[in-house]
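Colleague: Below, each chain spelled out in residue letters.
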Amino acid sequence: MTNNASPPPLEGGGWGEGCVQPTAAAVRTPPPNPLPQGEGEHLAGAHLRLVIGVGNPDRGDDGIGRLVARRLRDSVPAEVRIEEQDGAAAPLIESLRDAGSVWLIDAAVSGALPGTIRRTDCNATDALPARSGASSHGLGLAEAVALARTLHGLPRVCILYAVEGVTFAPGAAMTPQVLAAADTVIALLAEEMLSD
Amino acid sequence: MDRRTIKVDVLARVEGEGALRLVIEDGKLRDAELRIFEPPRFFEAFLRGRSCMEVPDITARICGICPVAYQMSAVHAMEDALGIAITPEIRELRRLLYCGEWIESHVLHMYMLHAPDFLGYDGAVEMAKDHPDVVRDGLALKKAGNEILKLLGGREIHPINVRVGGFYRVPSKRELRELREALLRGRDASLGTVKLVAGFEFPDVERDYEFVSLGNAGEYPFNAGRVVSNKGLDITPQQYDAHFEEFHVKRSNALHSRHIGHGAYLTGPLARYSLNSALLSPLAQAAAAQAGLGPTCNNPFRSIVIRAVEVVYAFDEALRIIDAYEQPDRPFVDTPMRAGVGYACTEAPRGMLFHRYHLDTEGSVQDAKIVPPTSQNQPSIEADLLDFAPRWLDLPDEKLGHLCEQAIRNHDPCISCATHFLKLDVVRG
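The listed protein sequences correspond, in order, to chains U and A.
Residues 0 to 195, numbered by numbering that gives the first Met the number 0, are exactly what the first sequence covers, in order.
Residues 0 to 428, numbered by numbering that gives the first Met the number 0, are exactly what the second sequence covers, in order.
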């Protein structure tokens, strides 16, 4: 979960860039097959395109990132790698080092309406402020992005789709508005990957 | 009365949620309380009625940093209750798995949580801007430890391959040999870590702790040995309950522990090293000597150096085990059920972890007791503060608060395990 109780400063379109409210118009129906199918061939380095679903599938809305990743598995082109991660910093840093284009999907808490989708360009300065002095339990996505930027630079494309969640209890069902946002995120990702 | 209050609402870079309160009256420290407000987790209660075979996987969920410790204490306690002896090959693989956990847990604490204290940063993110190589080294070392967990445990966090009697699957010689290059690089890098942390500045303080750890096992302890101390204790894990007791203090959701008739005691790297340093590998002993460590260490601020030495040892031991490995015919020994009581202590990265289980004839858990290292160390952590903080009372509140936080981080407390974040509240009067 990306915790941004105080939303980060806007950059250009900023944190609000691409912000999609969960209205009927916003929750678009994804294309039947958003991307050409592939055989799972993986490239490395600058050519690797990577989608990382982040979260815990057993904690309600925190599972949205991994749900999107799972749904994308059968519909992405060969060179797109799909990963599911729990949000720990070290493996995220490694994944960010290895790819040319990365799209991250995670749940967020900022006080917005449930299911609100926010698109953040992680390459924008301070797009995603890291908390200082967090415990290792608190070294999460924002800290991983900050560390990756410092240690080896971020991928050329590094985009976070954050879906506003409200329910994070163990074993909880996903909020309907958050669940509905999954297809919208897939459609947005499909458009973005086709133009990358 | 002159009363001074310093509050640090969130004690950072510890595992879990808690707070510290210091009360200073008329220029003297009156009280130091480590308050743990993370809600209790009731693992011991919901283990009741579960099959003993499920317990290693359930208790692994107590901690994402040291799940292997919970699995190891659980399986050894179950095997004690069932009267099962494991094979030497399984025993070695369990040591190897523990090497992986010590590496990843110690490296995480040293590089991400503790080193920023000594280098003057709020955290690893800030430290990385000026010391990117340090953070890169830490991440690479941690990955080497994670690779052991992934191979032997089935995955890096909350491993799933440990079972009562052994493992569900054991690796082939070839699979283990594939780890060798990464572990050799890791061992070289770990010597650099010892050099790095030995160069930090440490407050010149010592305490006369009662150190408690596993010992007298003829090896640097992971899974086996007696429970020993530097004050004459020498018992089996089965005798633990007769010598140690847990007690509740209102300010903490984690139980405290004391050595009956003696009081506070300390488990963890300082204790383990001070009671077993002669059993480290020659390479680790040489690294300790070069870092200026004697055979014992009573300065808790130097615990980071001992963790670094233990990481050298863990790499060394892992390589020894891999080089001598012969794949056993069976991954586990049979586990016929019987009623009984089983006890075990093993050495989690942050200290000794005691488990006790009562099983019925079907192997169903009737009662469980789990005493994590942080519960055992809480009274000693408070005693550290009561001893050290008076020397720092002339410092500005922010500096005093930071040193107290650092004194807590010396012991790598895993509050999540003990209940299980920390808030610092200093009252000056």
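Treat the hints as calculated values from the structure; they're not laboratory data.
As the structure is a computational prediction, the values presented were derived from the model and not from experiment.
The beta-carbon is built from N, C-alpha and C at its ideal position, and this holds for glycine as well.
It is possible that part of the hints are untrue.
Partial selection, computed: residues in chain A whose CB lies under 8 Å from chain U [said to hold, decoys possible]:
1) M111
2) L118
3) G119
4) A123
5) A127
6) V133
7) K141
8) K172
Colleague: State the violated hints by number, sorted upward, taking the hints as numbered earlier in the document.
Modeller: 2, 3, 6, 8
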